[in-house]
Amino acid sequence: MDRLNFINPFGVRYQPDMVSGDFYTKNFAKGAAENTIILNLGPQHPSTHGVLRVIVELDGEYVIRAEPVLGYLHRMHDKMGEVKTPWQFLPNMGRVDYLHPIAWNWAHVGAVEMLAGISVPERAEYLRVISCELNRISSHLVWWGAFVMDLGGVTPILYAFEEREKINDILQIVTGSRLTMSYFRFGGVCADADDRFLKLIEQFIPYLRKRLKMYKALVTDNVILRRRLENVGPMGLDICQRYGATGPILRAAGLAKDTRRDIPYGVYSKFAFPIPSGPTDDCYGRYLVRLREIETSLLIIEQAISSLPDGPIVIPKAPKPTFKLPAGESYFAVEGARGQVAVHLVSDGGKTPYRVKLRAPGFSNLSLFAEAARGTLLADAIAILGSLDLVIPEVDR
Amino acid sequence: MELSIASFVQIFVAVLLIIGLMVGNAVVMVYFERKGAGFIQRRPGPYEVGPWGTIQAVCDSMKLLGKQIFVPGNVDWILYFAAPILAFFPVLLLFLPIPFGPYLTGLKVDDGILLILAFAGFGVISNILAGWASNNKFGLLGAARAVSQSIAYEIPMILALLAVVFLSGSLNLSEIVENQGSWPWQWNIFVQPLAFFIYLVSMVGETNRAPFDLPEAESELTAGFHTEYSCMGFALFFLSEYANMLLVSFVCATFFLGGWRGPFLDGFWWTFIKAYVLMLFIVWIRWTFPRVRFDQLLNLNWRWLLPLAIINLWITAVAIKFFD
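For the record, the sequence lines run as chains A and B.
Sequential numbering of the first sequence, starting at 37, is according to our numbering.
Sequential numbering of the second sequence, starting at 92, is according to our numbering.
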């Protein structure tokens, strides 16, 4: 290709055969308008949180088109579910979404239990709720830090990680790991809560409430942050429902839809907690919903700790590793930090399931990006991408 | 000013000292910036190399010197290598008219501030060349941002400085310092608080520091105009960025904070103390605020700073006319 043209991208219309690049860039370049440049954000880019690749067409600083390209972290989790027994597949769940692994644990274990007709002891259900909500808080905190870092504020992520370390210290006691937790078992959980676990949580709840107040004063009410987020990337109910968005994005659009309330699972129906929704469907609304969800989770943990029953943590005849699923089909959905996490199991009674489908909320949420980013500034597009709370391993699976 | 051998020797020695100051400043400021960031972010910062990590910055610069020069394909070689040099060398001139102390001044020229403002424009040229020549779209976008940002923020900066020039009746920086008193209430900041504020905002915008670091916005443009620079190319941009920070701090200290005038004992130490307090202020806001958006950055300038600066200048002019 002509060197001069490459140096002067403003003056030259990109023709497909002129563009150096791979399949995606060339295809994207076919629809390019006059006087635009095509910019490849990622897979290695500071604000794509991993290996998401976004191709954008820019007119100056304005995004004309944007298209996410997936698959750089595809690990075939769905297929692995079909060649592994449910027991063997269990550790995979911690690796699908490394920020909220407990939700995926729950979705898989729940689907298996639903199919096999296993009921879970009361204490195990409470421990599931406590660990899942703690994990949700840590996931939201990491999102919060990373999101503000996308906006150029580098400091909050270190504070967020400090809190996350505390949560990891607590969860480590029962789950035995700090990142890819695999805590749930068919018919219960693998370890019981001890006094130290409960005491640390009791100390942590008031501590985090105090810190959240500080974050509100320092970050949420900051005028630069508000100007960057308010009225940026509105995602109304219409677009959310067309693309199947769930979680905080849908709730920010004004629909108080939460799997914990709509399709109650575990012992969530025993707790009283509000479902934060609204007030606005822009980036700031999504930001506020997530921060309010941290408080909701604290509320649930508080109630669960105070009414934690005694008893076994796993059913007496828990499924062994050689356990075979009965023939049939089950779909179990839980509320993850990013939206509805679900596992669809189809079994023909063999050693391994016939088909496993993982429903990743991040995948549906990412679909909104192309439409929401159209016509915004490049910095806004980055903010919108961040406000979707993407975890790329989960999107690609 | 007569051009004698003595003045040449004076300028030569001054430039040598300025190079020392620039390099020393970069090393010291990197240490303070990282320690300051550590303090703000509740972590220790560098502490491994040397006592309290003090020679970490020296080791980092040694590492930069030893790196391979990586030149991406399709760059314009002349412009690509000219850009970092252009970024670095004007800064040497910029420090010449700064009165560090009563006798410690490289060049006492009558148009000192004009010289500074004129040569400060070279920084933008180097940025645009770097972004353009490195054949990178991120670099190009960063360069385009750098140009409009510098143009926007130079104007209120000049207008704010002009208000002080009106008061002092001189463009000579030494005279501006001499017109201020030793005690804080005799400094120009108390006569011109608005101009000081405008200058403070413009100075952060002018040096491309967060929250106005749009040309190198990390989360959007990876590294902006110096994306494709490695080794000493990057180091020169880095040096000139810190030197520019130091320069605007010195100008601020000279114009608004009394320069080398200070309580009890006048001397060059006051200039340095004031300038470095301002530097720490820049570091502080960098690690505190998120980045503004580009249109907001320009709106802030054209809608607020520029009209305020003009009004301030007009009021100053009227006041001088009536009360003098």
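The set of hints was computed from the structure by calculation and includes no laboratory data.
There may be inaccurate statements among the hints.
[What the hints assert, rightly or not] In silico DSS-like pairs for lysine-lysine, Cα to Cα no more than 30 Å straight-line:
hint	chain 1	residue 1	chain 2	residue 2
1	B	126	A	249
2	A	62	A	202
3	A	202	B	126
4	A	252	B	154
5	A	62	B	228
Fill in: Violating hint indices (sorted, rising)
Structure breaks hints 2 and 4.
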